[in-house]
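Asker: Just need the whole structure built from these sequences, with the hints factored in.
One letter stands for each residue in the lines below.
2 protein chains.
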Amino acid sequence: MSEKNVYYFGGSQGEGNSSMKNLLGGKGANLSEMVNLGIPVPAGFTISTEVCTYFYQNNKTYPKTLEKEVKEALSKTEKEMKAKFGDSENPLLVSVRSGARVSMPGMMDTVLNLGLNDVTVQGLIKQTNDEKFAYDSYRRFIQMFGDVVLGIDSSKFERMLDDVKENAKVEQDSELTSENLKTLVAGFKEIVWRETGKKFPENPEEQLWAAIGAVFNSWNTQRAITYRKLNSIPNEWGTAVSVCSMVYGNMGKTSATGVCFSRNPSTGTKEFFGEYLIDAQGEDVVAGIRTPLKINKADSLAWAKNHKISDKEREEKFLSLEETMPETYKELLEVQAKLEKHYKDMQDMEFTIQKGKLWMLQTRNGKRTIAAAVKIAVDLVEEGLITKEEAILRINPNQLDNLLHPTLDPKANILVLAKGLPASPGAAYGKVVFTAEEAVLLKEKNEPTILVRIETSPEDIAGMDAAKGILTSRGGMTSHAAVVARGMGKSCVAGCGEINIDYASETFKVKDKVVKKGDFITLEGGKGLVILGKVETVDPEFSEEFQVLMSWVDEIRTMKVRTNAETEKDSKMGRKFGAEGIGLCRTEHMFFNSGRIMAVREMILSSTRSEREKALSKILPMQKEDFKEIFRVMNGFPVTIRTLDPPLHEFLPQEENEIYEVSKEMNVSKEFLKEKIDSLKEVNPMLGHRGCRLGIIFPEITEMQARAIFEAACECQNEGTTVIPEIMIPLVGHVNELKLQKEIVVDVANKVFAEKGIAVKYLVGTMIEIPRAALTADEIAKEAEFFSFGTNDLTQTTFGVSRDDIAKFGIAYVEKKVWENDPFQVLDQVGVGQLIKIAVERGRFSRNGLKIGICGEHGGEPSSVEFCHRVGMNYVSCSPYRVPIARLAAAQAVLRKQKN
Amino acid sequence: MSEKNVYYFGGSQGEGNSSMKNLLGGKGANLSEMVNLGIPVPAGFTISTEVCTYFYQNNKTYPKTLEKEVKEALSKTEKEMKAKFGDSENPLLVSVRSGARVSMPGMMDTVLNLGLNDVTVQGLIKQTNDEKFAYDSYRRFIQMFGDVVLGIDSSKFERMLDDVKENAKVEQDSELTSENLKTLVAGFKEIVWRETGKKFPENPEEQLWAAIGAVFNSWNTQRAITYRKLNSIPNEWGTAVSVCSMVYGNMGKTSATGVCFSRNPSTGTKEFFGEYLIDAQGEDVVAGIRTPLKINKADSLAWAKNHKISDKEREEKFLSLEETMPETYKELLEVQAKLEKHYKDMQDMEFTIQKGKLWMLQTRNGKRTIAAAVKIAVDLVEEGLITKEEAILRINPNQLDNLLHPTLDPKANILVLAKGLPASPGAAYGKVVFTAEEAVLLKEKNEPTILVRIETSPEDIAGMDAAKGILTSRGGMTSHAAVVARGMGKSCVAGCGEINIDYASETFKVKDKVVKKGDFITLEGGKGLVILGKVETVDPEFSEEFQVLMSWVDEIRTMKVRTNAETEKDSKMGRKFGAEGIGLCRTEHMFFNSGRIMAVREMILSSTRSEREKALSKILPMQKEDFKEIFRVMNGFPVTIRTLDPPLHEFLPQEENEIYEVSKEMNVSKEFLKEKIDSLKEVNPMLGHRGCRLGIIFPEITEMQARAIFEAACECQNEGTTVIPEIMIPLVGHVNELKLQKEIVVDVANKVFAEKGIAVKYLVGTMIEIPRAALTADEIAKEAEFFSFGTNDLTQTTFGVSRDDIAKFGIAYVEKKVWENDPFQVLDQVGVGQLIKIAVERGRFSRNGLKIGICGEHGGEPSSVEFCHRVGMNYVSCSPYRVPIARLAAAQAVLRKQKN
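Heads up: the sequence lines are chains A and B, in that order.
If you're matching positions, the first sequence starts at 4 in our numbering and goes up one per residue.
If you're matching positions, the second sequence starts at 4 in our numbering and goes up one per residue.
There may be inaccurate statements among the hints.
What the hints assert, rightly or not - Calculated lysine-lysine pairs in the BS3-like style (CA-CA distance at most 30 angstroms, straight line):
(1) A:Lys673 - B:Lys677
(2) B:Lys519 - A:Lys679
(3) B:Lys617 - B:Lys679
(4) A:Lys811 - B:Lys742
(5) B:Lys201 - B:Lys87
(6) B:Lys667 - A:Lys811
(7) B:Lys684 - A:Lys516
(8) A:Lys684 - B:Lys520
(9) A:Lys673 - B:Lys85
(10) A:Lys754 - B:Lys232
(11) A:Lys679 - B:Lys684
(12) B:Lys74 - B:Lys7
(13) A:Lys512 - B:Lys684
(14) B:Lys514 - A:Lys677
Claimed, not checked - To be clear about the criterion: a stretch of chain A counts as covered by chain B if any three or more of its residues have a C-beta under 8 angstroms from a C-beta of chain B, and this derived list gives those stretches:
(15) 818 to 827
(16) 835 to 845
These are calculated hints, taken from the structure and not from any lab test.
Don't be surprised by glycine CBs; every beta carbon is placed ideally from N, CA and C.
Answerer: Right under this line is the structure:
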């Protein structure tokens with residue numbers, strides 16, 4: 004324990020500074036820091052967090068020296084503020100506030116106007132010439148002290164206040180007269196007497212010590228304990244207590260109060276910016292009872308023009324601070340510049356002008372939009388205030404998402420109908436449709452649609468592509484709808500249990516509200532909102548600063564970033580967002596295009612190998628063309644192609660009428676088709692006949708796919724395209740599975756190369772998506788030329804949780820803090836991460852320098868990307884729209900690792 | 004490389020012995036060993052496996068000294084056999100045989116009668132006075148040599164043989180005259196000439212070296228290579244070549260050949276035992292053309308009596324060896340005793356008597372039934388030949404199964420209708436029924452049934468209990484039907500894809516054969532046979548020797564063996580088989596009993612907590628009674644009770660008519676019930692809302708179960724029963740899950756103890772059945788007071804394979820050797836085993852001496868039990884009928900670990 008318990012600040016001397024947050028709390032440390040910068044701050048002192056610790060360890064007593072230290076600091080404060088605590092002429096009034104290392108908003112208590120009593124209130128009247136103000140402050144103090152320090156139920160004071168207002172026949176507190184307020188002071192003191200059996204303490208020192216004790220006690224209220232538990236804040240940290248001189252912005256025409264920013268928090272433009280009110284208290288600016296005025300003259304003029312306010316009216320009622328108090332404005336301008344330069348970031352400040360004297364009450368790094376964050380970071384680098392590295396670390400990769408998708412028009416009024424999971428960001432409106440077919444149909448007529456389904460299946464892909472947004476009532480953040488929508492960069496709200504879909508009547512209900520097919524709704528996928536009607540959206544634009552930032556990001560990161568894509572369109576999108584190749588091309592998505600789904604079904608319905616081969620030969624040329632398109636877009640970059648993965652039943656129709664139609668189209672009996680569908684049904688399809696298990700039982704499927712890849716590769720190479728195919732075998736759990744599939748791929752490659760008279764370099768690797776694969780990675784790496792972690796499935800199997808069925812308990816698990824995060828959104832580094840580390844180590848042990856990447860959903864989630872960097876992966880791969888996020892996260896990972 | 008390449012054996016001198024199998028192959032080593040024991044073996048010599056290695060490493064040449072060594076050994080052989088290789092008067096004939104370290108039956112080649120040519124055949128005639136025999140041997144030799152050494156297609160010889168027989172108008176080879184055979188010899192030589200362009204080699208030495216080369220070459224035929232690959236035999240081992248003098252049992256009335264056992268291989272009784280034929284070759288005994296005679300007089304008399312053969316007829320045609328050749332019989336009696344004593348095990352021997360002289364051709368440990376194996380092992384200990392430990396190691400635990408279940412009457416003729424998976428051993432017959440209800444109904448009338456279902460669900464439990472056996476057309480070795488049937492010790496054939504069940508018409512079809520409800524079928528669950536009609540079965544009996552063996556087993560093993568049981572009946576059965584407690588009591592099985600299923604459904608259909616609690620309070624007294632019954636049976640032994648595990652939808656009806664009936668019974672609308680069922684549907688129920696996830700969302704379920712357990716425990720303890728309850732929380736993946744559930748259990752325990760005024764010692768632990776639980780076992784052990792590995796689910800999640808859906812690829816995986824074994828039958832030590840090791844180590848790291856067991860199906864599988872012992876588990880738990888197997892395997896594990 005330090006020998007010093009109390010840290011004074013005031014004038015130009017602060018005994019603390021901003022590095023002492025642990026000891027003085029955030030607020031106390033920053034107040035000292037500002038003082039040290041020569042910025043006018045109402046004097047005061049901070050009692051350290053160590054006193055709090057002592058308090059709890061010593062039966063709620065204080066260190067012996069504390070009283071003396073407080074007295075000394077108080078006397079310095081009096082000297083600086085030229086006022087005296089308890090004085091009848093010029094009394095010093097103070098606030099007593101809590102302040103822990105980290106902000107715990109609203110959790111602990113504050114007492115304002117402390118020091119008032121029947122004597123000092125007279126001094127306050129003398130100083131302000133405002134009896135009403137003085138008694139109002141006095142009655143507020145008694146109420147606050149009564150509540151916070153004496154533990155009297157606040158409603159008792161409120162009720163008396165209401166009675167007095169009723170008697171006075173007024174509605175607003177501000178309409179009460181001095182006499183009314185005097186009555187209240189007397190009445191409030193009676194309440195204290197009645198409730199506590201003791202008189203209200205008139206002695207200011209007694210008031211002070213009682214308030215300090217109350218703040219320390221408030222560290223251990225139930226709500227504070229719960230808050231700390233929820234936010235993992237150790238109980239041992241304790242709170243500091245800051246005692247600050249009161250200053251008032253409501254002391255007449257030469258007083259004012261306001262908030263300001265050193266740069267525009269919406270756009271990031273470097274312009275001083277803020278609002279103020281003359282003769283007002285801080286809460287008035289926020290409360291919106293009076294219209295706050297602009298600080299700058301230019302802003303004021305623009306605002307008046309905008310609101311069609313005449314010059315005359317403006318000059319009467321809405322003058323800027325620059326005009327009303329030009330000297331103080333100049334001082335504020337200098338202070339804000341100094342603070343920004345000092346803190347090297349945009350500042351959000353609160354100030355009060357008391358009788359012409361500027362006091363800064365608070366400064367902190369300002370919150371801002373992501374667009375502003377990018378601009379400010381880049382500008383600060385160019386202004387020489389921070390380094391590129393610092394700039395990169397200041398951007399929250401998750402927020403980048405908002406830069407990459409359309410957003411709701413911020414001016415629009417919205418009526419939120421329901422809330423679901425924020426499955427894929429972006430805003431979109433459209434007419435409600437309930438089938439993929441209708442979405443496609445309306446798209447042909449250029450009508451925007453929102454596809455509403457209980458859940459989606461691969462059969463809906465065309466409709467999802469045609470719709471502007473997707474809304475499902477079932478499924479989690481990694482349900483089919485969510486994954487596909489994110490891949491497409493399309494707005495999606497998933498698992499919205501509040502909506503009740505009735506396909507038969509083509510409506511959905513939210514409580515009593517019925518939405519019909521053709522009605523407009525709007526989705527806000529980043530927040531999971533379902534909004535009634537059509538809300539205009541704003542398209543994203545990449546600013547110059549964004550491009551600059553991303554160029555720095557690319558200089559620093561060491562991991563490559565690829566995209567998951569299976570169409571020419573997505574591949575191009577990925578390239579546009581900076582992807583350096585494809586990390587996952589899911590070939591089955593190609594199977595659903597109309598024209599080929601019939602051939603796929605023909606293959607599935609075949610009962611002999613030769614029938615299957617005949618059907619496959621119809622798919623071959625189509626898949627080949629797909630691959631050629633992708634290879635051309637990815638000229639010079641690797642393309643990882645996964646062989647067929649989903650269980651075959653996903654390609655067959657499920658609903659009665661679909662079955663009928665397909666049976667007609669395929670010229671088989673409905674019974675035959677149904678029997679086949681039944682025979683393919685699985686209890687747990689996720690753990691069933693899929694992945695390489697398909698290729699092992701039906702080697703001809705792998706053969707066809709390998710042939711399509713290698714023919715495409717040879718033909719593209721002949722055209723002059725640089726092709727780097729990487730064939731990826733999914734769901735391997737035993738090295739023998741990979742061995743068998745690799746034999747087929749290599750065999751087909753050799754055949755195709757012989758036929759074409761040309762050879763293409765390629766790799767054969769595997770996904771690590773089953774615990775057993777990770778555990779036996781040394782064996783598997785003997786065959787695999789690369790690993791790609793399929794963390795979606797790896798998370799499913801490691802947790803034993805189906806992402807399709809997580810809804811019933813997953814949300815509760817996060818709420819009850821069983822899980823810190825949804826493990827399908829944020830990689831579980833503790834469990835799944837162990838398997839990844841094991842696999843990386845053992846894989847590289849068997850095969851030096853083994854290329855390793857990730858292609859699960861986590862490849863675009865910042866904390867997971869950082870983990871990938873730490874364990875030494877070569878690349879991450881994610882949906883096109885998340886590529887910039889992954890690039891940024893990869894660069895931050897480098898910088899954070901350097902720091903440690 | 005040794006300097007010695009050739010090892011002579013003959014007379015009383017063998018240069019090798021039985022420990023030299025690596026060098027001389029199994030056959031060569033044993034021949035030398037017999038010689039060294041002074042047992043008459045036809046002389047010969049073995050060329051070592053090292054020569055084979057040299058042969059392949061040196062371009063198919065031999066070590067320089069080999070020719071000389073062979074010559075010397077041959078000359079010793081001539082001397083011993085008093086015959087000369089290539090001699091015209093008394094020629095030595097030899098066989099040339101392959102022989103690797105391990106038997107590779109039929110994989111490599113053999114040449115008999117080598118040494119015959121136009122000259123030596125005359126010598127053979129002189130020696131045997133049997134021209135026909137000599138020429139028959141000669142033509143056989145040419146055919147064999149042509150095929151094996153010269154590579155001529157055997158059918159060419161066969162065709163000529165057919166032609167000659169046709170010309171001679173005979174049907175059997177044995178009917179050919181000397182002249183016919185001479186013609187064949189000439190013709191065969193012509194074939195050789197025509198096919199190879201070379202004359203048949205008349206020079207015996209040339210014949211010998213060609214045959215030796217052919218045997219070495221046969222090591223690398225495609226079939227031998229494939230066989231080795233499938234059986235993991237290294238290519239480097241190579242084969243030895245044994246050259247043995249030929250002896251003949253078909254040289255007239257004083258010659259004979261036979262096979263014999265030193266004890267009865269069916270019963271294990273210590274009695275010399277065998278069959279023989281006079282004037283016959285070895286294959287005649289096996290071929291069954293002539294009826295083999297008994298070796299012992301007593302056996303012969305008994306046999307004759309049995310077959311109603313008169314004394315006179317027996318004396319004319321069926322005399323025993325004891326009677327026909329008493330001296331040789333005596334010699335054989337001594338030889339077999341010597342061999343058994345030497346090898347310390349029951350011997351299976353082949354012998355030939357050539358002109359009154361006994362020659363032993365082979366001895367090996369005889370195959371036997373499990374009953375015989377147990378008796379022999381115990382008897383050998385009592386005879387002082389082997390130790391208890393050796394006896395224990397000689398019993399294959401898997402075979403014990405046959406001792407514990409009824410078997411098919413071995414005398415019955417059976418008509419196998421179809422084959423499925425051998426899901427649960429034992430034979431049973433009954434009338435075919437297709438619903439659980441019918442099985443229950445017929446049981447009341449004392450009629451045996453076989454329950455035939457596509458698959459079973461927990462709803463069928465009562466019917467499965469009522470039926471004698473269960474047959475399913477779908478599902479694997481760990482499907483619901485299989486697991487439950489094994490638990491009940493009931494015959495079950497699962498996943499029998501050949502049968503096509505039609506519930507509507509109450510029939511099943513196998514190809515064209517239709518089996519109707521009420522028809523009798525019989526199951527042989529140990530082999531997976533479905534048999535038409537009623538086949539009588541034989542009940543198991545525990546022999547005295549079995550009891551003795553098991554008592555030795557219990558002295559040696561260090562792991563406890565518990566049983567999985569949830570009824571009084573199963574608990575008693577487990578105790579009878581030696582279980583030391585219950586390792587898994589699945590409380591949900593208790594939910595299905597009629598009378599309580601309605602309350603369970605009421606709970607599921609509840610929409611508020613208080614409704615659920617009301618329904619649960621109806622179940623409470625019933626569960627409590629169940630627990631009391633079990634505690635009483637397990638007096639003094641621990642009882643591990645798992646809280647509710649399966650997803651709730653398993654308790655609701657699935658089929659249309661059931662839904663209708665249940666809705667009526669429950670007095671809710673069918674629509675409501677259907678909606679509820681729909682809302683509980685899951686895509687992957689195995690990974691869905693089950694296990695502790697139920698108890699976390701519905702804490703009142705865990706509360707009720709904990710209360711039932713503790714009330715039962717207190718009441719039983721008051722009665723004087725020693726209760727040791729262990730409450731097990733299933734499907735934990737994160738320590739927080741266990742923490743939350745444990746809090747509930749402890750809280751209920753304290754309440755109940757206070758209410759009852761008595762306390763019971765108990766533990767709260769968890770199943771480790773999810774990879775994440777194993778990986779974070781250190782965290783989990785901070786809360787868990789014991790671990791129990793649920794290796795069924797752990798295997799499912801570690802492999803990413805659903806045991807319900809494995810049928811589509813699992814069998815092919817084992818066939819294609821992707822997997823060595825079905826991982827649901829034999830624990831995958833490489834993958835799943837790693838997780839177990841990690842969990843054991845980390846669990847004990849956090850909590851010293853943590854109690855650890857296994858309760859998955861693997862707990863009764865011998866190699867898995869051995870693994871459990873190696874990693875240091877405290878106990879294994881398995882279904883009652885497998886308890887003796889687990890006990891034996893646990894003892895073997897101790898002995899094997901001591902050896903290493």
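Asker: Given the hint that Lys667 of chain B pairs with Lys811 of chain A, test it: the Cα-Cα distance must not exceed 30 angstroms.
Answerer: This hinted pair holds, its Cα atoms lying about 28 angstroms apart.
Asker: Does the alpha-carbon distance linking Lys679 of chain A and Lys684 of chain B stay inside the 30 angstroms limit?
Answerer: 22 angstroms, holds
Asker: Do three or more residues from the segment 818 to 827 of chain A put their C-beta atoms closer than 8 angstroms to C-beta atoms of chain B?
Answerer: With 4 residues closer than 8 angstroms to chain B, the segment 818 to 827 of chain A meets the three-residue bar; holds.
Asker: Mind checking, does the segment 835 to 845 of chain A have 3 or more residues with a CB under 8 angstroms from chain B?
Answerer: holds (count 3)
Asker: Going straight from one Cα to the other, do Lys74 of chain B and Lys7 of chain B come out at no more than 30 angstroms?
Answerer: Status holds; Cα separation ~13 angstroms.
Asker: Next pair to validate is Lys673 of chain A with Lys85 of chain B; report whether the Cα-Cα distance is within 30 angstroms.
Answerer: Distance ~83 angstroms between Lys673 of chain A and Lys85 of chain B Cα, so the pair is violated.
Asker: Between Lys684 of chain A and Lys520 of chain B, does the CA-CA distance stay at or below 30 angstroms?
Answerer: 27 angstroms, holds
Asker: If you draw a straight line from the CA of Lys754 of chain A to the CA of Lys232 of chain B, is it 30 angstroms or shorter?
Answerer: 27 angstroms, holds
Asker: With a cut-off of 30 angstroms on the C-alpha distance, tell me whether Lys617 of chain B and Lys679 of chain B pass.
Answerer: 19 angstroms, holds
Asker: Is Lys519 of chain B close enough to Lys679 of chain A, meaning Cα to Cα at most 30 angstroms?
Answerer: 25 angstroms, holds
Asker: Quickly compare the C-alpha distance for Lys811 of chain A and Lys742 of chain B to 30 angstroms and report which way the hint goes.
Answerer: Holds - the C-alpha atoms of Lys742 of chain B and Lys811 of chain A are around 20 angstroms apart, at most 30 angstroms.
Asker: Quick one, are Lys512 of chain A and Lys684 of chain B close enough, alpha carbons at most 30 angstroms?
Answerer: 21 angstroms, holds
Violated hint: 9 only; the structure is consistent with all others.
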